[in-house]
Amino acid sequence: MPLFWKLLCGVWVAGVIVAAFLGVGPAVGFRAPEAARILFFHVPTAWLAVLGFVLSMLHGIHYLHRRQLEHDRCSAVAAELGFLFCLLATVTGAIFAHVQWGAAWNWDPRETSIVALLLIYGAYFALRSAIDDEERRAALSASYAILAVLPMLFLIFVLPRVVDSLHPSDTVQSGGMSPSYRLVFFAALFGFTLLFVWIYRLRVGVERLALRREG
Amino acid sequence: MSSLTAVMVVVLVIWVGLFLYLWRLDARIRELAERAPRAPGEEAHEAPAAVIEPRPAAPER
Chain S
5 MPLFWKLLCG
15 VWVAGVIVAA
25 FLGVGPAVGF
35 RAPEAARILF
45 FHVPTAWLAV
55 LGFVLSMLHG
65 IHYLHRRQLE
75 HDRCSAVAAE
85 LGFLFCLLAT
95 VTGAIFAHVQ
105 WGAAWNWDPR
115 ETSIVALLLI
125 YGAYFALRSA
135 IDDEERRAAL
145 SASYAILAVL
155 PMLFLIFVLP
165 RVVDSLHPSD
175 TVQSGGMSPS
185 YRLVFFAALF
195 GFTLLFVWIY
205 RLRVGVERLA
215 LRREG
Chain P
95 MSSLTAVMVV
105 VLVIWVGLFL
115 YLWRLDARIR
125 ELAERAPRAP
135 GEEAHEAPAA
145 VIEPRPAAPE
155 R
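Chains S and P, in that order, are what the protein sequence lines are.
Sequential numbering of the first sequence, starting at 5, is according to the numbering used here.
Sequential numbering of the second sequence, starting at 95, is according to the numbering used here.
The set of hints was computed from the structure by calculation and includes no laboratory data.
Watch out, some of these pointers could steer you wrong.
[What the hints assert, rightly or not] Here are the computed lysine to any residue pairs in the SDA-like style, where the Cα-Cα straight-line distance is at most 20 Å:
{"#": "1", "chain 1": "S", "residue 1": "K10", "chain 2": "P", "residue 2": "V105"}
{"#": "2", "chain 1": "S", "residue 1": "K10", "chain 2": "P", "residue 2": "P150"}
{"#": "3", "chain 1": "S", "residue 1": "K10", "chain 2": "P", "residue 2": "D120"}
{"#": "4", "chain 1": "S", "residue 1": "K10", "chain 2": "S", "residue 2": "L170"}
{"#": "5", "chain 1": "S", "residue 1": "K10", "chain 2": "P", "residue 2": "R149"}
{"#": "6", "chain 1": "S", "residue 1": "K10", "chain 2": "P", "residue 2": "W109"}
{"#": "7", "chain 1": "S", "residue 1": "K10", "chain 2": "P", "residue 2": "I146"}
{"#": "8", "chain 1": "S", "residue 1": "K10", "chain 2": "P", "residue 2": "G111"}
{"#": "9", "chain 1": "S", "residue 1": "K10", "chain 2": "S", "residue 2": "V208"}
{"#": "10", "chain 1": "S", "residue 1": "K10", "chain 2": "P", "residue 2": "R124"}
{"#": "11", "chain 1": "S", "residue 1": "K10", "chain 2": "P", "residue 2": "P131"}
{"#": "12", "chain 1": "S", "residue 1": "K10", "chain 2": "P", "residue 2": "A127"}
{"#": "13", "chain 1": "S", "residue 1": "K10", "chain 2": "P", "residue 2": "A121"}
{"#": "14", "chain 1": "S", "residue 1": "K10", "chain 2": "P", "residue 2": "A100"}
{"#": "15", "chain 1": "S", "residue 1": "K10", "chain 2": "P", "residue 2": "L116"}
{"#": "16", "chain 1": "S", "residue 1": "K10", "chain 2": "P", "residue 2": "W117"}
{"#": "17", "chain 1": "S", "residue 1": "K10", "chain 2": "P", "residue 2": "I123"}
{"#": "18", "chain 1": "S", "residue 1": "K10", "chain 2": "P", "residue 2": "L114"}
{"#": "19", "chain 1": "S", "residue 1": "K10", "chain 2": "P", "residue 2": "R122"}
Just chain S, same shape as in the assembly (with noise of 0.2 Å):
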């Protein structure tokens, strides 16, 4: 990644820090009004978890259409990002559920579907240990990485949103932010993006270093 990206990362995660704690106030309306300064990393880790996931599916049709192990190893990276972040979001989900809603887990749809989510992933890792060719082992994970979206997608977006949630679904969209909240909110979102992009370059950039060596 450019230098002057690398830098603005640092900076700009840094100000994040600093805004989410000084500068903006007590959330209303939540039973632990400091507390909620948590979703300020916690929603950006839950996004970055669907970024990893669908940025897997869409190496995995690139390896599919060119046959490319570069691809393949960029589609397993990605997705080891998004289990990595979707972790993330569990343990910060977690903290805040046990100051919130009294304990750390009540089986909400939200936290249902992401023990889902991480089931299905962990079973992406297990498949690819499994196969020893590497040919297969890209196909065949290419081809789980793309049909994984799918239930991804519903689990995030579609099945929290019918079934009664503790989980506010619509906070932003219908205005239940302040300006304040709003403008930290989508800054961690932009800065927490920056710091997923450093990282899949860097990892990428070891399997390429893998690459050369094993051709």
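Given the coordinates of chain S, work out where chain P should sit on it, guided by the hints.
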């Protein structure tokens, strides 16, 4: 220092640590990529060599 500021300082320290780790990792990966042999078909994009030659003097009239 209030507890909110203390939490912010802890999060900032974690972020600075992560940022420096990524920065060093980035530099190391670039260094390895420059040293690693290139795969067949993967050509280095070098700038074309340019030679500056003095223009021949115009004939005197």
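Hints, verified against the model:
no.	hint	in the structure
1	K10/S x V105/P	19 Å, holds
2	K10/S x P150/P	49 Å, violated
3	K10/S x D120/P	10 Å, holds
4	K10/S x L170/S	37 Å, violated
5	K10/S x R149/P	45 Å, violated
6	K10/S x W109/P	13 Å, holds
7	K10/S x I146/P	37 Å, violated
8	K10/S x G111/P	14 Å, holds
9	K10/S x V208/S	16 Å, holds
10	K10/S x R124/P	14 Å, holds
11	K10/S x P131/P	27 Å, violated
12	K10/S x A127/P	19 Å, holds
13	K10/S x A121/P	12 Å, holds
14	K10/S x A100/P	26 Å, violated
15	K10/S x L116/P	9 Å, holds
16	K10/S x W117/P	8 Å, holds
17	K10/S x I123/P	15 Å, holds
18	K10/S x L114/P	11 Å, holds
19	K10/S x R122/P	15 Å, holds
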